[in-house]
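Please build the complex by placing chain B with the ligands on the supplied structure of chain A, with the hints as guidance.
Chains A and B, in that order, give the protein sequences.
Read left to right, the first sequence gives residues 1 to 471 (UniProt numbering).
Read left to right, the second sequence gives residues 1 to 471 (UniProt numbering).
Simulated from the structure, these hints should not be mistaken for lab results.
Ideal Cβ placement from N, Cα and C applies to all residues, glycine included.
Hints are not guaranteed to be accurate.
On the chain B side, residues computed to face chain A include the following (Cβ under 7 Å) [unchecked claim]: (1) Arg114; (2) Gly167; (3) Thr193; (4) Glu212; (5) Pro216; (6) Asp247; (7) Ala294; (8) Leu295; (9) Thr296; (10) Ala430.
Number of protein chains: 2
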Amino acid sequence: MARTFSFDLDALKRDLDGIELEDNPALVKQKSRDFFWYSPVLKAQLDDVTGDLVATPKDEAEVIRILAAAYRHEVPVTPRGAGTGNYGQAMPLSRGLVLNLAAMNKVKAILPGRVVAEPGVIMAELDRQTRAHSGQELRLHPSTANTATIGGFIAGGSGGVGSIRWGGLRDLGNVLRLRVVTMEAEPRVLELTGWELHKVMHAYGTNGIITEVEMPLTAAYDWVDILVGFDDYMAAVRYADLLGNSDGLLLKEIATVAAPAPETYFLRHQKFLKKGQSVAILMVAPQSMDAFLALTAREKGEVVFRSDTAGDLKGIPPNFELAWNHTTLRGLRIDPAITYLQTMYPVPGHVAKIERMTTLLGDEVPGHLEFVRFDGKITPMGLPMVRYTTEARLEEIIRLHEENGCPVFNPHRYTLEEGGMKQTDAVQLAFKHEADPKGLLNPGKMIAFEDPGFDFSTQKTYLFPGLKAAS
Amino acid sequence: MARTFSFDLDALKRDLDGIELEDNPALVKQKSRDFFWYSPVLKAQLDDVTGDLVATPKDEAEVIRILAAAYRHEVPVTPRGAGTGNYGQAMPLSRGLVLNLAAMNKVKAILPGRVVAEPGVIMAELDRQTRAHSGQELRLHPSTANTATIGGFIAGGSGGVGSIRWGGLRDLGNVLRLRVVTMEAEPRVLELTGWELHKVMHAYGTNGIITEVEMPLTAAYDWVDILVGFDDYMAAVRYADLLGNSDGLLLKEIATVAAPAPETYFLRHQKFLKKGQSVAILMVAPQSMDAFLALTAREKGEVVFRSDTAGDLKGIPPNFELAWNHTTLRGLRIDPAITYLQTMYPVPGHVAKIERMTTLLGDEVPGHLEFVRFDGKITPMGLPMVRYTTEARLEEIIRLHEENGCPVFNPHRYTLEEGGMKQTDAVQLAFKHEADPKGLLNPGKMIAFEDPGFDFSTQKTYLFPGLKAAS
Ligand SMILES: Cc1cc2nc3c(=O)[nH]c(=O)nc-3n(C[C@H](O)[C@H](O)[C@H](O)COP(=O)(O)OP(=O)(O)OC[C@H]3O[C@@H](n4cnc5c(N)ncnc54)[C@H](O)[C@@H]3O)c2cc1C
Ligand SMILES: Cc1cc2nc3c(=O)[nH]c(=O)nc-3n(C[C@H](O)[C@H](O)[C@H](O)COP(=O)(O)OP(=O)(O)OC[C@H]3O[C@@H](n4cnc5c(N)ncnc54)[C@H](O)[C@@H]3O)c2cc1C
Numbered sequence: 001m002a003r004t005f006s007f008d009l010d011a012l013k014r015d016l017d018g019i020e021l022e023d024n025p026a027l028v029k030q031k032s033r034d035f036f037w038y039s040p041v042l043k044a045q046l047d048d049v050t051g052d053l054v055a056t057p058k059d060e061a062e063v064i065r066i067l068a069a070a071y072r073h074e075v076p077v078t079p080r081g082a083g084t085g086n087y088g089q090a091m092p093l094s095r096g097l098v099l100n101l102a103a104m105n106k107v108k109a110i111l112p113g114r115v116v117a118e119p120g121v122i123m124a125e126l127d128r129q130t131r132a133h134s135g136q137e138l139r140l141h142p143s144t145a146n147t148a149t150i151g152g153f154i155a156g157g158s159g160g161v162g163s164i165r166w167g168g169l170r171d172l173g174n175v176l177r178l179r180v181v182t183m184e185a186e187p188r189v190l191e192l193t194g195w196e197l198h199k200v201m202h203a204y205g206t207n208g209i210i211t212e213v214e215m216p217l218t219a220a221y222d223w224v225d226i227l228v229g230f231d232d233y234m235a236a237v238r239y240a241d242l243l244g245n246s247d248g249l250l251l252k253e254i255a256t257v258a259a260p261a262p263e264t265y266f267l268r269h270q271k272f273l274k275k276g277q278s279v280a281i282l283m284v285a286p287q288s289m290d291a292f293l294a295l296t297a298r299e300k301g302e303v304v305f306r307s308d309t310a311g312d313l314k315g316i317p318p319n320f321e322l323a324w325n326h327t328t329l330r331g332l333r334i335d336p337a338i339t340y341l342q343t344m345y346p347v348p349g350h351v352a353k354i355e356r357m358t359t360l361l362g363d364e365v366p367g368h369l370e371f372v373r374f375d376g377k378i379t380p381m382g383l384p385m386v387r388y389t390t391e392a393r394l395e396e397i398i399r400l401h402e403e404n405g406c407p408v409f410n411p412h413r414y415t416l417e418e419g420g421m422k423q424t425d426a427v428q429l430a431f432k433h434e435a436d437p438k439g440l441l442n443p444g445k446m447i448a449f450e451d452p453g454f455d456f457s458t459q460k461t462y463l464f465p466g467l468k469a470a471s
Numbered sequence: 001m002a003r004t005f006s007f008d009l010d011a012l013k014r015d016l017d018g019i020e021l022e023d024n025p026a027l028v029k030q031k032s033r034d035f036f037w038y039s040p041v042l043k044a045q046l047d048d049v050t051g052d053l054v055a056t057p058k059d060e061a062e063v064i065r066i067l068a069a070a071y072r073h074e075v076p077v078t079p080r081g082a083g084t085g086n087y088g089q090a091m092p093l094s095r096g097l098v099l100n101l102a103a104m105n106k107v108k109a110i111l112p113g114r115v116v117a118e119p120g121v122i123m124a125e126l127d128r129q130t131r132a133h134s135g136q137e138l139r140l141h142p143s144t145a146n147t148a149t150i151g152g153f154i155a156g157g158s159g160g161v162g163s164i165r166w167g168g169l170r171d172l173g174n175v176l177r178l179r180v181v182t183m184e185a186e187p188r189v190l191e192l193t194g195w196e197l198h199k200v201m202h203a204y205g206t207n208g209i210i211t212e213v214e215m216p217l218t219a220a221y222d223w224v225d226i227l228v229g230f231d232d233y234m235a236a237v238r239y240a241d242l243l244g245n246s247d248g249l250l251l252k253e254i255a256t257v258a259a260p261a262p263e264t265y266f267l268r269h270q271k272f273l274k275k276g277q278s279v280a281i282l283m284v285a286p287q288s289m290d291a292f293l294a295l296t297a298r299e300k301g302e303v304v305f306r307s308d309t310a311g312d313l314k315g316i317p318p319n320f321e322l323a324w325n326h327t328t329l330r331g332l333r334i335d336p337a338i339t340y341l342q343t344m345y346p347v348p349g350h351v352a353k354i355e356r357m358t359t360l361l362g363d364e365v366p367g368h369l370e371f372v373r374f375d376g377k378i379t380p381m382g383l384p385m386v387r388y389t390t391e392a393r394l395e396e397i398i399r400l401h402e403e404n405g406c407p408v409f410n411p412h413r414y415t416l417e418e419g420g421m422k423q424t425d426a427v428q429l430a431f432k433h434e435a436d437p438k439g440l441l442n443p444g445k446m447i448a449f450e451d452p453g454f455d456f457s458t459q460k461t462y463l464f465p466g467l468k469a470a471s
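Just chain A, with the same shape it has in the complex (with noise of 0.2 Å):
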C-alpha cells in the first residue's frame, strides 16, 4: 500500500482562519526536523522531510477544528512538541500540516502527587512551578528536560532521569491520565487511564493528539551533582551497579561513562576530570550525600566533582545533560563521526555480559550505561558511542551484542516496531483503526498500519513508500 497524499493546502488553510499559521518554507522546513541527524543512517534517509504548513493551536478546541479540517481535505498530520526526539519522530514524512503543541503549555493543577498540564509545556518549567508551588517535581524527565515537552515526551520518548528509581514511562503508574483528540470527521476527545494508555504512549503521535496530560509527582530535593572517578571502567561499573541496589540511598541518576570519552567529550568539566579516568555521573539527594560519601569512599571512588561544594557553578552543565542522549550530544560535537546503539544487559550476568562486549569491541565502542529500575530490578542500559565507519559494521556491531545476550534496540530507523521490539503493538494498531482510520496521523511510523504483511523476521529495513512519494 503506497500511499500517496495530495491535498488543497489553500483550501485547508481557509478552513483554519484565526489559528496561528506558518508556510514560509524555511520556517515551515525548520518545524519539521528533529534531532534525526543524530543517526547517520537517518541523516542520509531524512535531510529532505519537510511540511507545508505548521498550525500552532492554543486550546483544545483549536486542536478539534486542526484535524477535523485536515481530516476533510484529507492532509497528514504530524504533531510536534519541541522536536528533541532523535529518530526522526516528530518529522512529516508525507508533508502536509505540522500541529505545533508548544503554545498549549500551561500547567493547570498541582495536587499531592500529580499534576495535571497542557502537553507542550517544557519539563524544566513544569518543574519549576510544583516545586514552587509544593516542593514536588515530575518522577522521570529525560535530559532534554529543559528543551522538551510533556506531551512529546510521552508520545515520543521512554524514561531517563529519575528512571533508576521510577522505571520506564512503560511503567503502568508513571502517566496518571491523558486526553487524547482522535482524528475523524468529528474529532472525540477520550480521557485514557490504567491499561488504555498504552494505546497512545510511545505511540509517536500516529494514532491520537495529546491535549492533556496528568502525571505523578515525587518529592523535589536539591539532587547534588557528582561526578565519581575509577582508573577502571569495570570498577565504575561495578560501583553503579552496588549504588543503584543500595536502598536506603536515594538517587535520581546513575550512568557510567568509559574513558577516554569524558575527558574528550565533556568540556565544561575538564577541569574537574582526571586523564584515563571513566566516571560515574551521579545525582544525589542532599539527605543521602553522607552514606554515599561513605558507600564510595569504601569502593575507593574518586569524587572530582560535587555541585554541593565546586564553587562557581557558571558554564556548568547539570549532570543530567551529561547522561542519556547528551552523552552522545557532547560526543558528536567534538566528533561528528560518533553515533550509538540502544542496548540492554539482563539481570542477572548483567556485569559479565558488559565486560565481555567491553572487552571485545574496545575503544571502537566506548561504553555508556544508564542504570535504570526494569520489571523490579536495577538494570544497565546500555547508549554506547560507537566509532561510525559503515553501515555494515554498526549491523555487525548489533549482531555481536545480540549473539552475547545483549538486546538492541536500533536507533537508526524512524519507524515505531525497528526502533522497538521488532514486532507489531496490537493495541496501538487497532486503536490507530479506530482513532485515525484514514491514516493520516504521522504517516509512515507504524509499519503495521502502513504494510500488515511486513515480515519483520527478514531484518531488511523498512522504507516509508510514501516518503519518496512526497520527496
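For chain B with the ligands alone, coordinates are given in the frame of chain A:
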C-alpha cells in the same frame, strides 16, 4: 565468665537526686517487661525478670548523670523505649536500673528530607509533626508505630512498613546520625554517621545510649489501605511479588496472609473478608490507585476492602496493624497456642521456595509474608505463624526451612547473635569494649562479650549465667 552484680541501690539513688525515679516493685516490673511472651520459649525463660529501679531522664545531661553514677556503683543499666520489643531486648536480665527514655520525646528540627528528634518520641507522633510541618514522614516504621519509640526501633528493630520501598534499618542511608552516650566514669557523647552507625544500631542498647536521632524523611501521602482476596494463597503470593516489582506503583506495604488466618484473626475486618480467602495487605499512594486497580483486575484479585471508599472506619485499625508482628499478635489473641518464625526466601526462586514450604507444612504453619527490598531486590520475608506443639517440633520446622534454602532468624532467643546471623558482630563487640568497659549496659544480650569462646556451631541455646544469678 558467670558475671554477677552486687550493688548498693540506695547509694545510687542518692546520687540520682532530682531525677525522676520509681522503685515500687510492681511498677518496676511493669517497666522491665516487653513482648517477650510472644514466644513460648522466652516466656518460660524470662517471666521472672525485673529490674530494681526505673530512672526517667528528661534530657541528655540527666542521662550522663545516670550513667556516671551507675558506672560508679556498678549497677547494670538497661535502656527502654516503649518496651514493644518481642525478644526480651529491653528486659534487665541482671536486675539493676531500667533507663526509661520515654520522656525525652521532643522533635528538634524538621528539614527537607530529614528530622532531628530525641529517642523517646513515639513514631506515629513524629510522623504527625513532620506531616503537619511539611507533608513529610519517616521512610520506615514498625507496625508498632502507634506505641513504639524511634530510639527503640533503631536499637532493637529492623524494618517494617516502608521497607518495600527503602529496605531495612541496616541499609546505609536509612538512619542519618545518632548521638550516643557511653557508659564510662566520664561518659562521652559521640556523633555517629555513615558506617559508624552500625556500631550501635540493632545492638539492643548494649554499647551506648542513643540521646538524639537524625532520620531521613520522605513525602507523606494519604495512603489507601487495601485488602485483596484470592482463593489460592500462591496466587496472592505471585500477585504481591508482581506488585512489588511494578516500578511505577508507589506502595508502602505489601504483605500476604494465608487462609484461614485473615477471617479467623482479623476480627475488626471480618465483615469485609470472604471465607477461605487469603489476602494481600497493602498501602497504596492515592496517585497510584488507578494503575493499581488496573493491575489488580488483570491479576483477578478481589478488592474486598479499601479505606478510601469503605465509609465509616471507626474501630477499624490501619492496615499496618494487620501486618508485621501484628499479624501474629492478632492470632495470639484468638489462639494463644500459636507462635511464629522469621524466615527468608532468597531471590530468585523465591516463589517456588514459598510454594514448597506451604506444601510441606500446610496449616501447621499458616503463611505470612512481608515483601521488602533487600539488596535491591524485592524479597519476601516470612513471619509464618506456627501452631506450636513442642520446642522440638519448632526446631524441626526451623530445620525444614533451612534444608529447603530458607534461612531462619530465630525469634525465640534473647541474644543478639542467636536472633540474627549466629556470629559475632566484631564492630559492635569492639565498640562495647570501648564504650561499656565494665559490661554494665543491658548485660546478657551480646554473647560475644559475655562468653567470647561460645561456639555458635553447636546449635545449643546460650543461657546467660547472670540471669540465673539474678533470679
Ligand atoms: C540530546 C538528547 C537527549 C535525549 N534524552 C532523552 C532521554 O533521556 N529520554 C528519552 O526518553 N528521550 C530522550 N531524547 C529524546 C527526546 O528528547 C525526548 O523523548 C523528548 O521528551 C521529546 O519531547 P519533544 O517535545 O521534543 O517531542 P517531539 O520530538 O516534538 O515529539 C516526539 C514524538 O511525539 C509526538 N508528539 C509530540 N507531541 C504530541 C502530542 N501532544 N500528542 C501526540 N503526539 C505528540 C511527535 O509526533 C513525535 O512522534 C533525547 C533527545 C536528545 C536530542
Ligand atoms: C505487635 C508488634 C509488632 C512489631 N512490629 C515490628 C516491625 O514491624 N518491625 C520491627 O522492626 N519491629 C517490630 N516489632 C518490635 C518492636 O516493636 C519495634 O522494634 C519497636 O520499634 C521497638 O521500640 P520500643 O520503643 O518499644 O523499644 P524497646 O522495646 O523499649 O527497646 C528495644 C531495644 O532497644 C533498646 N533501646 C531502647 N531505647 C534505646 C536508646 N535510646 N538507646 C539505646 N538503646 C535503646 C532497648 O534496650 C532494647 O534492647 C514489633 C513488636 C510487636 C509487639
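Here is what the structure says about each hint:
1. Arg114: holds (5 Å)
2. Gly167: holds (3 Å)
3. Thr193: holds (5 Å)
4. Glu212: violated (15 Å)
5. Pro216: With a minimum Cβ separation of about 5 Å from chain A (threshold 7 Å), the hint on proline 216 of chain B holds.
6. Asp247: Holds: closest Cβ of chain A sits about 3 Å from aspartate 247 of chain B, inside 7 Å.
7. Ala294: holds (3 Å)
8. Leu295: holds (6 Å)
9. Thr296: violated (10 Å)
10. Ala430: violated (18 Å)
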